[in-house]
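Novice: Using the hints, put the two standalone chains together into the complex.
Here the protein sequences come in this chain order: C and E.
Under my numbering, the first residue of the first sequence is numbered 1, with each subsequent residue one higher.
Under my numbering, the first residue of the second sequence is numbered 1, with each subsequent residue one higher.
Accuracy of the hints is not assured; some may be wrong.
Unchecked claim - Within a straight-line C-alpha distance of at most 35 angstroms, the following computed DSBU-like cross-link-like pairs (lysine-lysine) qualify:
#1 K256/C <-> K134/E
#2 K135/E <-> K256/C
#3 K261/E <-> K138/C
#4 K248/C <-> K135/E
#5 K267/E <-> K138/C
#6 K135/E <-> K232/C
#7 K131/C <-> K190/C
#8 K101/E <-> K134/E
Claimed, not checked - Computed list of chain C residues with no C-beta within reach of chain E, every gap over 12 angstroms:
#9 P273
#10 H285
#11 T299
Note that these hints are calculated values from the structure, not bench results.
Backbone N, C-alpha and C define an ideal beta-carbon position, used for all residues, glycine too.
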Amino acid sequence: MKVAVLGCGGLGRIHASIYAGMQDVELTGVCDIQQDLADDAARMTGAVAYSSFEEMLEKAEFDVISIALPSYLHKEYTMHAAKAGKHVISEKPIALNLEDAEQMIRCCEENGVRLFVGHVVRFFPDYVNMKQSLDEGKLGRACVAHASRIGGHPGATKAWYNEVEQSGGVMVDLMIHDLDFLRWSLGEVKTVYGLNRREELLDYALVTLQFESGAVANVEANWGFPGQFQTKSEIAGSEGIVMANSLKSSSLQIHKAPSASETSAFVTVPESPGFQSPYELELLHFIDCIRTGSESIVTARDAYKALELALAAIESARTGRAIYLPLVQR
Amino acid sequence: MKKLRIGMISFAHGHAFSYFNSLHALPEVEVTGIADSVPSRVENLVRAHQLSYYEDYRQLLDTDIDAVVICSENVYHAEITIEAARRGKHVLCEKPLGITKESMEDMIAACRDNNVQLMTAFPCRYLAAVIQAKKAVERGEIGDIIAIKGTNRGSFPGGWFVEPELSGGGALLDHTVHVMDLMNWIIGSAVKEVYAYAAPLFQENIEVEDAGMIHVKFASGVFGVLDTSWSRNGTFPTWGDVTMEIVGTKGVISVDGFAQKNELYSKVNGKGTWEFWGDNMDAYMIQDFVDAILSGEPVPISGEDGLHSANVALAGYQSLKQGQPVQL
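This is chain E alone, in the form it adopts within the complex (with noise of 0.2 angstroms):
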């Protein structure tokens, strides 16, 4: 069986364990290198599973892989991207794709003019709960779809993530994309108009937002709302949630993605925690990442995907300038 040589490059977005695990109970996977420009990051990694280490991530991409994984800081996501275009490797990058929308369609179009598949990483696309959530959807189980209240709350990252020469932006840019994909999704129309409200409220001197609240209506008529806010504390007990009431006119359905989880209190946790037992969604998109990539099949979630979502978000910035809606 030929295997799937795939590098990934940087770990600055812890979601790059979570990938690097998957990829690895995969037979039909080989996880050949690590590039990572801050080697502590990823030293404990490379030694256990004896991985070839690069500073510089092109001299990762000079090496005989097909693929590559990148969790870098936003802002490099574009320029590592074109890059491992150039040289022929497929890509699934971790969200917001990129920070601008002429940045995101330069990856789109390098990937394309080279041949290459570039995927954006929107594992909540494998939630059980929301696949099968489309699907009564489709069957026209709530009638016609009206509008859609989301959230996608987390804990403030810290790190990178909030500075904004490194992120791109804050909650609003990190949160929106996730639900957004889920609704585009679901929806099946393009957003047209957005209309949004941002700011630092639960930390003190951060630079960038750590609150946001979205708004869409999409061409078909449906709106929708999207809490994108890092409002989990330490004491809650967990990291945050995606969650999604979808209303119609005939019914109502009530996605909660990670209410599969047991009430833990442990002494040893020091508070009480929900621990989820619901499958593991980044290892079946890993998996369909690495289907479609050894079969020559189109990716299951574009570049196109992506930036769709994150751009959305880079209106939410526009609209939150003007005070108003503003149109895409």
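Same shape as in the complex, but just chain C (with noise of 0.2 angstroms):
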């Protein structure tokens, strides 16, 4: 299977050198509007450079098109891509607006092409863990949940992210991952009420999810923590609790004396280190269901009712309201 890259930053790379290492799967091509990125990756995997989507398109042989654009420009190359026949794996969030999100799925469907979503905290093993003792019956019926994701604001490095019309804002861009997972493990949503709180380089929200199952869970997601980017979540049932927390899970701490040039006194790099990463584990089910023609474990529907819970914590803190689902957009 032949596959390209479209967006050569951070998960652009990280895409590209996955394809690279994979047995049957070729990387044809690596494409960035700044070409120095697209070279970049390209001396990283072998694959060829191109600074243009329509040019990788002419001249590249690929099946499959990985999307890790900006959000604001996933419905544009999605649609772009399936009508020349393409698979598609497109970052999260699937699109900004649900409107976007079901074009992009229909337009997927009528060229009979694929369509995967990154939602890649369901391939993180902890967190597959929770649901899998959830499942086993260890905690009895889902009661409260809780899940927490914070780190720094991505806009102090990529200006795309301090604009809310291309990023969707912490909502729609981080809170979106712990939203999948808990209606991917408790459930159906029936109502959804939010808090937030936006300044420059932060961008704060509170958000409580109703299951049609009577459970409720509180989401945290914080854009401005400072501090090392950390996630924390549990599920407390009838007949057990399961925590996981990203901080007390590194297996490994790399603890270095400080070299001249540093003033900090210490540097301790804590990590949780496997054989395959999340991403990986991620791209070779996508890549699988793809050749099998198998359902995925997140499918486009899911990422689009990941993208309606966040537009709906969204409305909920804009009106002050709870928001009863399904959304009906503005």
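Specialist: Printed below as a string of structure tokens:
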């Protein structure tokens, strides 16, 4: 199978290097409008660099395209690729509004190609393990859940994250991981209540989901946390409680004495290494789904529903009301 | 030295035992007697410390005491407090202060009119980490406060706690008030809007909710959420928690009130447990109550403080009925 990657920023490079190392997959092209980024990715992977998608579409052979562009470009390039008969693996969020998401899903169906969206938390072993505890009955009925995802503001290094029209803000871009995970684990959502404050280089949100089952979850997301990126989650049920905490599962910590040039006293880098990264597990799964035609662990419709939750949270924060689903968009 | 003479009214709420121990340890205090309509709850204590016992709390109020500590079922707080105030006794009342806004206002008025002090038992104000967090906020270390995410989770208490005619409500009332008081205290602004969800989820066939999630907006623009659920089952290594993530424009303060613990894995306990070794917040609260009464200074946590927090929980029930936020 031949694959190309569109967008050679942080995630695009991750996708490209994973494909380059995959058996039975050939990475034929990497593309970015910033030629130097495309060249870097090409040097790293041995693929051909392109600075225009049209040119890559014309010159490179590929069956699948990974789209790791800023979120506001997902729709345009997904539809472009679908019309050219390419299967699409898009980074999350699927789109920035439900109409766009629906059009993307329809367009891929009409052109007979698959659409996958990178809700990678479904491939993080700690989250998979939580859901497994629930599915195996060890928690009984799920009752009250929490999820938290906090880190620095990505807009500090990439300006498009600061534009809500381009990134969707912290709920659509970051919290959507937990919204999808909770819907995956606890089922369909009945109401959404959101609280949000946005300032320069700070976007903080608290969102509560009430599920059809009666369960409730509160989700925290912070762009602007002055510390290491970290995730926490918990599901408390009638028979048990399962808790995950990225800070407490660092299986490796490298503590370094300061070099002469550094002003800080010591440097500690906590890590949680595995032989396959969650991104690798995700892309292997998507490629396998394309090969076998099987249903994905996370479908494009799941991605649509996750976006609906994030948009409902924004609508709730804006109006101060609890939003009853389905979301009717303005 | 003049000793402060204190009577204890009802041991329905188990916190009474800890309050008794804290009072008993103070040389400036004499616990003179205990009133409890259920003698079996207190007979060991009465015998061990040779205390006077009264079945009717009015008999205790007839004695020469300066103050009472009330740990009755929630629904009796108002009646007992008002009766104590009429007899000129200062009151330390267990939380929640009351189960209706009107009855709490009556309690406050009765104490004011009779020139006695009313303090609400909010021991979490005496967690050292909470006090340091408040000081850090006041020093501006995390800029302006935006939000607080709190948890005050607990274990299923059973007994009268789950009989609405005695408790006035379940986990939402029981566990909103502690951390809501901390939020009020730290933010220094009044709650103006409440949105809550509560339901019996963990236990089957109970008449009150055991799960609660309550959201508040303060007049200052700060917002908050608090998990009040009785979600800790018997296999969990401890009873529950008190946590706050205080989020500011320039940083975040994380408070985990009972993080000062050792992990104990003992066959004697049958499971792994967390052994808390931090300061005893009840003892510091009791000391502050006693100091205030002896010196004639205002008590550190007022009846109004108790009302403000309980009123948020009561608004939560209104919100639950309407399925939307309600204004205070």
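Novice: State for each hint whether it applies.
Specialist: Verification of the supplied hints:
1. K256/C <-> K134/E: holds, 34 angstroms
2. K135/E <-> K256/C: holds, 33 angstroms
3. K261/E <-> K138/C: holds, 26 angstroms
4. K248/C <-> K135/E: holds, 28 angstroms
5. K267/E <-> K138/C: Within the cut-off at roughly 22 angstroms; holds.
6. K135/E <-> K232/C: holds, 27 angstroms
7. K131/C <-> K190/C: holds, 20 angstroms
8. K101/E <-> K134/E: This hinted pair holds, its Cα atoms lying about 28 angstroms apart.
9. P273: holds, 25 angstroms
10. H285: With a cut-off of 12 angstroms, H285/C remains clear of chain E, as the shortest Cβ separation is near 33 angstroms.
11. T299: holds, 29 angstroms
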